[in-house]
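As you go down the protein sequences, you meet chains H, L and G in turn.
Heads up: the first sequence begins at 1 in my numbering, then just goes up one per residue.
Heads up: the second sequence begins at 1 in my numbering, then just goes up one per residue.
Heads up: the third sequence begins at 1 in my numbering, then just goes up one per residue.
Bear in mind the hints are in silico, worked out from the structure with no lab data behind them.
Treat the hints with care, since some could be wrong.
[Said to hold, decoys possible] Some but not every residue of chain L turned toward chain G, in silico, with C-beta under 8 Å:
1. W59
2. G68
3. T72
Keep in mind that this is a model prediction, so the values were computed, not measured.
Ideal Cβ positions, reconstructed from N, Cα and C, are used throughout, including at glycine.
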Amino acid sequence: MGFSFVLAVFGSTIAAIIAMVFLLYYFSMDYRRNLIGESASSLSREQSNLLLSRMRREISFSAFFMDDSKSIGIRYLITTVILFFIGGLAGVGMRISLWYPFPTFLTPIQYNILLTAHGTIMLYGFAVGSILALGYYLLPSANMIERDNLGIVNSIMYWFFLIGSLFIIFSRSTASWYFYYPLVDQLSIAGGGSYSFFTLIGVSLIQVAATVSSIIFLKMIFLDRNKSIPVSKISLFSWSIVSSAVLIITSAPVSTIANGYLIYDLINPVFFQGSSVLTYAILFWFWGHPLVYVAILPAFGLIYEMLPKYAGVPLYSYRAGVFSLLLLMVFSALVWGHHLFNSGLGTIWDLMFSTTSFIVVIPSAMSVFNWIATLWTARGIRLTVPMLFVLNGIIDFIIGGVVGVYSADVGLNAFIHGTYAITSHFHWIFIGMTAGMAFAAIYVLFPTLTGGRTYNVPLAKVHFYLNSVGTILMSGFWLVGGFEGMPRRVAGYFGIFQTYQDVAAIGGVILGIGFLIFLINFAYSAYQAPVMSNDNSLEGEVQPI
Amino acid sequence: MPLKNKLLVEVIWIVAVVAILSWAAVSNAAYLTSDQNYISNPVSSDPVGTVINVTGYQWAWAFQYPNGTITTDKLVLKANTTYTLVVNSKDVIHDFYIPAFGVQSYAVPGHPNQVTIEPMKAGTYIFECVEYCGELHYEMRGTVVVT
Amino acid sequence: MNKATPIVLFVLVLVVAGASFAWFLTSPGGAASFTQGSYNQTKVIVLYANANGWNYNSTPNPTLNEKLHTLLAFKVIGQDGLAHTLTINPGTNESSSLNDYVVNVQIPTTVGSVTWVNWSFSSPGVYTYWCIVHPYTMRGLLYVNSSSNNSSAASPTGSGMIPSNVPNTNEFALISNDSNEKIW
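The following block holds chain H by itself, in its conformation from the complex (with noise of 0.2 Å):
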């Protein structure tokens, strides 16, 4: 029922050897990376096609042995899709348990470990990992960079990653995502799991990784970008991920320094105990609220990148573009105590917090406003499944995006904070949008992903439309749930919220069957022999806006 030592150091002893034997035999490998770079550097720049804007790279697993950065992003599609699936299955569990006011299908302790594995796989190990991937894979082409000469700082940083994703998930923690402190030092499965500390240096691990990538995103952004590029040419999607990689430096590490500080208050309480139990919370917003924005503003870049190519326009205004996602970027780093606004931070931090919130919303609204005339200029909107899919996340976002303006209200959010219409809020905007874009992204991608096939368009029509109504129904029942005050993260509830937690339940398993129909869609198709070139518009011709 405790935790138990004999079992930690036995297990760790057993990580180690795996790891020491996978080391070894990945440093083998080392001669087929240097072959690659040296080629890269030797070749000339007419004849060589190995020049990392033009290369184009395959899914395949020796991409776990190559340094390119375009290899190192192939690395974590294949591992963010993975843990979407573990996260994702995990989240249907959750909701077929919930189908009667009290546990009948799993245990309290049971739906508390998927609660947490849901919440920590999708946001650290999907949200996180995908902005990686695509920095990774598409940087290069958008920045015509040449080479990267970083290489086995960007595979070692990959490594860290998914050993963090893998102590996540072995951890079996209960502390939910943001372990607040007196629970996650409750070494006990009624409180944050017997090894939740396990979670604690895998999130660590995810976001030195996390850190790491940001700064070389921010090299190869400003300082191995093509000299015919002017910084008023940038395109989009690289001011999406700057503003991203600006957040995850300036945040991620004051997180990773309060999980050493939790780790230590297991063996000897001083730091947490000692001065309020609050303090805890405040250093994980101050991450845990840059992390939300880090999350979807690369959809945003995605969106601006999209969305001209299917509406036939030029996007309305690259300026406003540019202004919105530097201004998210300052704006959101500032708002994290809403999270907190029930907790007694004092009268005079609700209303900073507040209005600040109220902010942020502008920016956001420049974004929607920008989309909304690109659409109303364009001429011949072709509605391919990406197309779909980035309506579906404009939609998406401006219904999450109301709830979110309401709960920064400090009176509405005392009626909100906590429920069901929350875990609403960023449904419609996950889902919409991070997942969305993700999967709209690889739906773009997936000729030169698999080297010339095409998807089936009609199974990936069935993916989107299973998908959006998935939304609907559990996101917006949830809505209503939540404001009749149905609580969130609980294993059993009242009866009276029955009929919402149904519904959102029968659209749960609709989205888990839209993802499995992408998957099915995914092997079929590139099971077929290649058709077309391996070429795709979002690396095509680089053509800053």
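Go by the hints and put chains L and G onto chain H.
Same frame as chain H, now just chains L and G:
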């Protein structure tokens, strides 16, 4: 509409959004300054009305009334009376929430908060814990009986 | 792209996701070290679990006097539909450490559910039986007296890690009898 003059259109939409949000922010600030008691604040020396000590622990709520009685998972109030709930915790962070009154306050160990409520109508309402606090978090709920 | 890669990826995603789900659902490891004593007789103790006190409607929180080498069969009946546990630890106070618990069994939240908790103490002394959820109200003392008849000779020493816990079948009935839900 052709949307020809780009700068004008951009200025119009920014001004419109800023106008709506300033109204929201100003009304929020006005609410915060005039009705401080109805949101959760650290305990001050002069609470309004009858003081009820609310203690959250894994996994139930205990209510201590001025006459010393303790009830568990059931809060008994009188209509049209002002109460100040002093919310504290014995172990981990909890969050006391009454949906019908639109009032909630974190229960932070060693950092008591207070919030004022004034039930208007007799009836039975629900209350819940809305901050995740371990295995039986969902059982930290009960009824508010207003007579 | 290798022709087998999509199939391998498809299988990999399904297997890894399924295996992780199964891993999440297996109950967490670690074990408490309780040893059950030998016994030569059985005694049934009926306890009504009520948030105001054990057996609140007759004698609240009775002090129990039992003999060593007796299998105590606690018949715990849920009375108010709230979450309760039957927890027993040595000493006259509740212990906050999980490692001290001799017995720690959850009572289902269905009104009228019957949970049998069988335990035989291996050493005499004073114990506290209480409910983790309602420690203010639900606690009583249990004295285990080492009486004259010692017949520990050939009886098997049970070494169950967790006390045997036989729930009534109606625990899993789908009709909710939760007192909270009745109002709503």
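Requested in this report: Find the hints from earlier in the document that the structure breaks and name them by number, from lowest to highest.
Outcome: As far as the earlier hints go, only 2 is violated by this structure.
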